[in-house]
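Colleague: Mapping of the sequence shown onto numbering that gives the first Met the number 0: residues 0 to 241, in sequence order.
It should be emphasised that the hints constitute simulated quantities derived from the structure, not laboratory data. Any given hint could be a false lead.
[As the list claims (entries may be wrong)] Below, simulated SDA-like cross-link-like pairs (lysine to any residue); rule was C-alpha separation at most 20 Å, straight line:
{"#": "1", "residue 1": "K123", "residue 2": "T133"}
{"#": "2", "residue 1": "K144", "residue 2": "V101"}
{"#": "3", "residue 1": "K122", "residue 2": "G172"}
{"#": "4", "residue 1": "K97", "residue 2": "T171"}
{"#": "5", "residue 1": "K42", "residue 2": "E7"}
{"#": "6", "residue 1": "K42", "residue 2": "V65"}
{"#": "7", "residue 1": "K97", "residue 2": "K221"}
{"#": "8", "residue 1": "K48", "residue 2": "D15"}
{"#": "9", "residue 1": "K123", "residue 2": "G172"}
{"#": "10", "residue 1": "K229", "residue 2": "S152"}
{"#": "11", "residue 1": "K142", "residue 2": "Q168"}
{"#": "12", "residue 1": "K220", "residue 2": "P83"}
{"#": "13", "residue 1": "K48", "residue 2": "M35"}
{"#": "14", "residue 1": "K48", "residue 2": "E38"}
{"#": "15", "residue 1": "K48", "residue 2": "E6"}
{"#": "16", "residue 1": "K97", "residue 2": "E210"}
{"#": "17", "residue 1": "K87", "residue 2": "H215"}
These numbers were taken from a predicted model, which means no experiment stands behind them.
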Amino acid sequence: MITGKIEEQILYEDRDILVCHKPAGIAVQSAGIGTMDLESMLKNYLALKNGEVSHQTPGKQVYLAVIHRLDQPVEGVIVFGKTPRAAKELSSQIAGGKMEKVYLAVTFGTPPSREGILEDYLKKDGKTNTSFVTGANVPGSKKAKLSYWVLESVPDDLEGKDKYLIRIQLETGRHHQIRVQMAHGGMPLCGDRKYGVPGKANPGLGLCSAELSFIHPSSGKKMKFKTVPKGSAFQGFSLNKH
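Whole structure, please, built from the sequences with the hints as guidance.
Modeller: Given below as structure tokens:
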């Protein structure tokens with residue numbers, strides 16, 4: 000959750016884009032009546048910054064486009080478009096597979112190897128808001144692929160077993176992809192109540208969008224942003240060296 004000012008979460012901002020660290024527990028968009036989401040918080044920040052709160056014309060809203068999303072329990076780097084042109088360009092990068100996303104995950108499941116590639120077919124169940132591994136020929140299934148590298152392992156006293164810090168690079172962007180594929184591969188994420196194994200400590204979800212790379216929509220410059228996970232699941236690891 001956000002305990003301070005929203006601007007403290009902003010990693011970079013110019014006239015075209017806004018990059019910030021989304022805290023765990025905050026929805027990116029449309030959290031529901033009475034619950035503030037990240038998009039609304041940032042729009043309020045921009046309105047205040049531009050002096051538009053008390054002087055804006057009726058119906059006028061600050062433009063801020065959601066380019067991609069992170070699940071509510073996931074923390075990490077996310078980029079927004081501040082102009083329609085920037086939003087279109089960033090969206091095309093995602094569609095073309097040119098926006099690179101690297102995650103850090105914590106798992107209690109022992110990895111089968113120090114590094115590997117997971118390829119599965121996933122299908123989403125809209126009624127339960129979950130996804131599951133299925134066959135390639137099942138209607139509605141979509142291919143999911145990711146690469147992983149084990150960075151470090153440390154003992155977890157509360158659980159009485161080791162936990163692992165894993166670097167994950169997505170090659171596709173499916174619903175709950177990392178959580179489903181890692182669980183299916185015998186590496187359920189720490190704190191994952193939907194796909195993991197209930198634990199004694201019951202910390203927050205051990206998943207962070209740690210790196211995000213893309214081409215700036217105006218300058219054409221390669222932009223890369225990194226953040227260090229703040230969630231309790233990541234405690235004990237040497238995060239600054241990875």
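Colleague: Confirm or reject each hint.
Modeller: Outcome of the hint check:
{"no.": "1", "hint": "K123 with T133", "verdict": "holds, 10 Å"}
{"no.": "2", "hint": "K144 with V101", "verdict": "holds, 13 Å"}
{"no.": "3", "hint": "K122 with G172", "verdict": "holds, 13 Å"}
{"no.": "4", "hint": "K97 with T171", "verdict": "holds, 11 Å"}
{"no.": "5", "hint": "K42 with E7", "verdict": "holds, 15 Å"}
{"no.": "6", "hint": "K42 with V65", "verdict": "holds, 11 Å"}
{"no.": "7", "hint": "K97 with K221", "verdict": "holds, 11 Å"}
{"no.": "8", "hint": "K48 with D15", "verdict": "holds, 15 Å"}
{"no.": "9", "hint": "K123 with G172", "verdict": "holds, 13 Å"}
{"no.": "10", "hint": "K229 with S152", "verdict": "holds, 18 Å"}
{"no.": "11", "hint": "K142 with Q168", "verdict": "holds, 15 Å"}
{"no.": "12", "hint": "K220 with P83", "verdict": "holds, 19 Å"}
{"no.": "13", "hint": "K48 with M35", "verdict": "holds, 19 Å"}
{"no.": "14", "hint": "K48 with E38", "verdict": "holds, 15 Å"}
{"no.": "15", "hint": "K48 with E6", "verdict": "holds, 10 Å"}
{"no.": "16", "hint": "K97 with E210", "verdict": "holds, 14 Å"}
{"no.": "17", "hint": "K87 with H215", "verdict": "holds, 12 Å"}
When the structure is compared with the earlier hints, no violation turns up for any of them.
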